Amino acid sequence: MLRYVAFRIWASLLTLAIVGTLVFSIIHLLPGDPVLILLGEQGASSPEVVAKIRRQLRLDLPLGSQYYEWVRGVARLDFGVSLQNGVPVLQELRARIPRSLELILASLVIAAALGLPLGVLGARYSNRSLGWLSSLAAVFSLSMPSFVTGVILVVTFSLKFQLFPSSGYVAPSEDLVGHLLYAILPSLTLGIGFVGVVIRMTRGGLLDVLGKGYVRTARAKGLPERRVLYRHALTNALIPVITLIGVRAGNLLGGMVIVESLFNWPGLSTLLVRSCYDRDYPMMQGTLLAIFALFIVISLAIDLCHATVDPRLREG
Amino acid sequence: MRRWILRQHRLLLAGPLLLVFLLAAVFSGGLAPADPLKIDARNILQSPSAQHLLGTDQLGRDILSRLMYGSRISLSVAGAAVGIATLIGVALGLLAGYLGRWVEGLLMRFIDAFLCIPEIFVAIVVMAFFGSGFGMLVLTIGTLYFPQFARVVCSVAAAVRRREFVEASTALGAPGLRIVCREILPNIASVIIVQLTFTMSFAMLLEAGLSFLGLGIMPPQPSWGQMVGDLKDYVHINPLPVLFPSLTLFVAIFAINTIGDWLQDWLNPEIAG
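If you're matching them up, the sequences are chains A and B in order. Numbering-wise, our numbering puts 141 at position 141 of the first sequence, and it's gapless, one number per residue. One gets our numbering by counting positions in the second sequence from 1 and adding 1000 to each.
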């Protein structure tokens, strides 16, 4: 087990290093001189300002030293300061990472709470109308762009029934109940988009397992159907579902971009979009790195969960 | 007859829907009831009426006409992007699948690393810096989706390459290009068609998402995602206008996904779950 954990952590660090290098090179890959793009026509006429920004972005150093400085900075969690307002990038990230993480975790819980029962229903009644209903729910969830779900939820729950606020954010330290009210619609939007994947995977996994020998044995020895389904079949069918959640964590992060923008949720994605518009290179690099690191950590956590559940994996 | 309808219910449901969208896209010039760009400041954010069947947007433009012209943009961006993804993906996948060994291994590792990164973040950075617009959008989306395509094609091609008829062809001395084009390609065509359908729905979702964020198709040119993005700020004044582009997008993607599921069952019944 220890060897497997060590290997997975090493692989994650390697991925992070590759992604980090890519993020570093963005400023050089994007077309045009970043300083001139940043300052525009008039600003660029003053050579002192140009030189100052160039120094601030470390563009005056040779490429090798630039990379070295970047790696050294990242290792010390120093991502520089925003070019727009001088706020340290780390400070902004520290405030926003928990907010994004909160949405992701809440939506995972929602997706599991809705998707697992529907998936079981689909497998148990695979040839009847109840099963058809579960497939329909899956297709709906997979076809609904997250902003469409979000708009429908806002129109229904916030405008018609006035249960939740339509968009915005309150810090939990200020008003915990208010914070949760603001978080419900975005989490639900994100979760509903992910339900379809969970339903399909649970249903497929369960149908597969139900044809296996040990399920037939369990039935043959006279166990009640409920026990066969939940104790013998479902526990085994859930393993691929866990892996899948790891593989699809990227979808969830992608959906987050839309949801944060729709609900004005001050998380990582809104920061990324804003810093791209502002040509705020340090902020953009820091945010991208944070998003990818978040993704890598989620995948790692899920893989380790998987290894705890499935002993075959840590030996192989 | 009843059993046939029951078995083909997905095609019977999604086919006509898709046809409606295609017809709307092709004939939007003749069918649209109004000019999609005509601003009417006195009639903004109106609910559906006899004059504007689906109401008007924040600048008083006719929503139905904008949806029809928007279908042109949304379908052609996704179609062209899928074309690029298919061409590159199939060529690379066939090459790697046929050559096997280290070429296959190298390509697969490269693609695995690429698939780690959620597409929309790459797309946001590219579109924000290279400027948005039709060509850039098509190129970005196409590039983002060819790796998945190459991966699927490569694994199926590698499996077909080991079949007897390919070995027989090799033994008869057929050149590599002939084997790839005449023996392998026809046998994996069904997989390519299914993958093409699903990539189409991914591409439409990505285009809609980018346009929603204001990074895709630029106004005044309408696209479905962009219409939702613009109208979402006015839900407090009138929630009806934003629902029409939202539902249109949903129905279009639903139809494409359903066709994809149907094709999957029809062409490759052995994989069906």
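No lab work stands behind these hints: they were computed from the structure. All figures in this text were calculated on a predicted structure; none of them were measured in a lab. Using N, Cα and C, we set each Cβ at its ideal position, and we do this for glycine too. One or more of the hints may lead you astray.
[Said to hold, decoys possible] So the derived list for chain B, only partly shown, Cβ under 7 Å to chain A, looks like this:
{"#": "1", "residue": "Phe1110"}
{"#": "2", "residue": "Ile1120"}
{"#": "3", "residue": "Val1122"}
{"#": "4", "residue": "Asn1187"}
{"#": "5", "residue": "Ala1189"}
{"#": "6", "residue": "Leu1249"}
{"#": "7", "residue": "Phe1250"}
[Said to hold, decoys possible] Derived DEER-like restraints, expressed as beta-carbon distance ranges:
{"#": "8", "chain 1": "B", "residue 1": "Val1103", "chain 2": "A", "residue 2": "Ala113", "range": "23 to 33 Å"}
{"#": "9", "chain 1": "A", "residue 1": "Glu69", "chain 2": "B", "residue 2": "Ile1237", "range": "44 to 54 Å"}
{"#": "10", "chain 1": "A", "residue 1": "Ser173", "chain 2": "B", "residue 2": "Gly1015", "range": "49 to 59 Å"}
{"#": "11", "chain 1": "A", "residue 1": "Thr235", "chain 2": "B", "residue 2": "Ala1091", "range": "14 to 24 Å"}
{"#": "12", "chain 1": "A", "residue 1": "Phe161", "chain 2": "B", "residue 2": "Ile1237", "range": "48 to 58 Å"}
{"#": "13", "chain 1": "A", "residue 1": "Pro62", "chain 2": "B", "residue 2": "Gly1135", "range": "40 to 50 Å"}
Going through the hints against the structure:
1. Phe1110: violated (11 Å)
2. Ile1120: Since chain A brings a Cβ to about 4 Å from B:Ile1120, closer than 7 Å, the hint holds.
3. Val1122: With a minimum Cβ separation of about 9 Å from chain A (threshold 7 Å), the hint on B:Val1122 is violated.
4. Asn1187: Check failed: Cβ of B:Asn1187 comes no nearer than 25 Å to chain A, outside 7 Å.
5. Ala1189: At about 25 Å, which exceeds the 7 Å cut-off, the nearest Cβ of chain A leaves the hint on B:Ala1189 violated.
6. Leu1249: The hint holds - B:Leu1249 has a Cβ within 7 Å of chain A, the shortest such distance being about 6 Å.
7. Phe1250: holds (5 Å)
8. B:Val1103 to A:Ala113: 23 to 33 Å: 45 Å Cβ-Cβ, so the 23 to 33 Å window is violated.
9. A:Glu69 to B:Ile1237: 44 to 54 Å: Between A:Glu69 and B:Ile1237, where Cβ atoms are some 51 Å apart, the hint holds.
10. A:Ser173 to B:Gly1015: 49 to 59 Å: holds (55 Å)
11. A:Thr235 to B:Ala1091: 14 to 24 Å: violated (44 Å)
12. A:Phe161 to B:Ile1237: 48 to 58 Å: violated (18 Å)
13. A:Pro62 to B:Gly1135: 40 to 50 Å: With Cβ atoms ~35 Å apart, the hint is violated.
Consistency note: the structure conflicts with the earlier hints numbered 1, 3, 4, 5, 8, 11, 12, 13.
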